[in-house]
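Trainee: So the protein sequences, as listed, match chains G and U. As numbered in our numbering, residues 40 to 155 make up the first sequence, in order. As numbered in our numbering, residues 14 to 124 make up the second sequence, in order.
Check each hint, because a few of them may be wrong.
Unchecked claim - In silico DMTMM-like links for lysine to aspartate or glutamate, alpha-carbon gap of 20 Å or less: (1) 69/U with 96/U; (2) 52/G with 142/G; (3) 69/U with 91/U; (4) 55/U with 121/G; (5) 116/U with 58/U; (6) 80/U with 142/G; (7) 15/U with 142/G; (8) 80/U with 16/U; (9) 116/U with 68/U; (10) 52/G with 123/G; (11) 80/U with 28/U; (12) 52/G with 114/G; (13) 69/U with 124/G; (14) 69/U with 40/G; (15) 116/U with 96/U; (16) 15/U with 40/U; (17) 52/G with 121/G; (18) 55/U with 91/U; (19) 116/U with 124/G; (20) 116/U with 123/G.
What the hints assert, rightly or not - Covered, in the sense of this in silico footprint (three residues per stretch, anywhere, with C-beta under 8 Å from a C-beta of chain G), are these stretches of chain U: (21) 25-31; (22) 111-122.
Keep in mind the hints are simulated off the structure, nothing from the lab. Even glycine gets a Cβ: it sits at the ideal position worked out from N, Cα and C.
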Amino acid sequence: ETGVTQSPTHLIKTRGQQVTLRCSSQSGHNTVSWYQQALGQGPQFIFQYYREEENGRGNFPPRFSGLQFPNYSSELNVNALELDDSALYLCASSGSTRGRNQETQYFGPGTRLLVL
Amino acid sequence: QKEVEQNSGPLSVPEGAIASLNCTYSDRGSQSFFWYRQYSGKSPELIMSIYSNGDKEDGRFTAQLNKASQYVSLLIRDSQPSDSATYLCAARNSGNTPLVFGKGTRLSVIA
């Protein structure tokens, strides 16, 4: 158990719909990173939030957006869903925690999204 | 384009043998390297991190880093069927920058 939680665990949507995925970071962590993992691929970086501000973005279109809240939990929003958005969406938390390396990212269980 | 390359496998080893997983990376600025294990349908789980050239051992796992060759490896001693999973290699630059993952190597340990 990493202490990182995500909801929901599974989701089915249709093309054109919008979806919001949620992540609660590990206690003491101030950074949340989101990744998309398509079947048979490694995780691909979407964006990262540090202290409520976007702190880096991967090669994803603007319809992928996010938020981080004062308690460092985070949301990933995807608008105008496409079939290719079907994937496992992973949230990873990191940051200053006593006794741990600041850089290490710990993953939540993921949200599996299916777009029909 | 920062890339991390892994052989997709499957790599099959008999129970009790040593499994050797390899990874190369393209960005010479990479400073931190990580091995994650991912069981089917689950999220990645951190096994090892390595930052300096040489070997780092943790139980049955040994990570090896050679920055001159831009090469990272993971050795699993006394492989068990429960080690059967996909192993993801990841690299990053300094600080809390994003991880760049390989596609993973699927390991199968045969009892």
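Trainee: Does each hint fit the structure? Answer for all of them.
Mentor: Evaluation of the provided hints:
no.: 1; hint: 69/U with 96/U; result: holds (19 Å)
no.: 2; hint: 52/G with 142/G; result: violated (34 Å)
no.: 3; hint: 69/U with 91/U; result: holds (17 Å)
no.: 4; hint: 55/U with 121/G; result: violated (23 Å)
no.: 5; hint: 116/U with 58/U; result: holds (15 Å)
no.: 6; hint: 80/U with 142/G; result: holds (19 Å)
no.: 7; hint: 15/U with 142/G; result: holds (19 Å)
no.: 8; hint: 80/U with 16/U; result: holds (15 Å)
no.: 9; hint: 116/U with 68/U; result: violated (23 Å)
no.: 10; hint: 52/G with 123/G; result: holds (12 Å)
no.: 11; hint: 80/U with 28/U; result: violated (31 Å)
no.: 12; hint: 52/G with 114/G; result: holds (17 Å)
no.: 13; hint: 69/U with 124/G; result: violated (38 Å)
no.: 14; hint: 69/U with 40/G; result: violated (23 Å)
no.: 15; hint: 116/U with 96/U; result: holds (18 Å)
no.: 16; hint: 15/U with 40/U; result: holds (5 Å)
no.: 17; hint: 52/G with 121/G; result: holds (10 Å)
no.: 18; hint: 55/U with 91/U; result: violated (24 Å)
no.: 19; hint: 116/U with 124/G; result: holds (18 Å)
no.: 20; hint: 116/U with 123/G; result: holds (17 Å)
no.: 21; hint: 25-31; result: violated (count 0)
no.: 22; hint: 111-122; result: holds (count 7)
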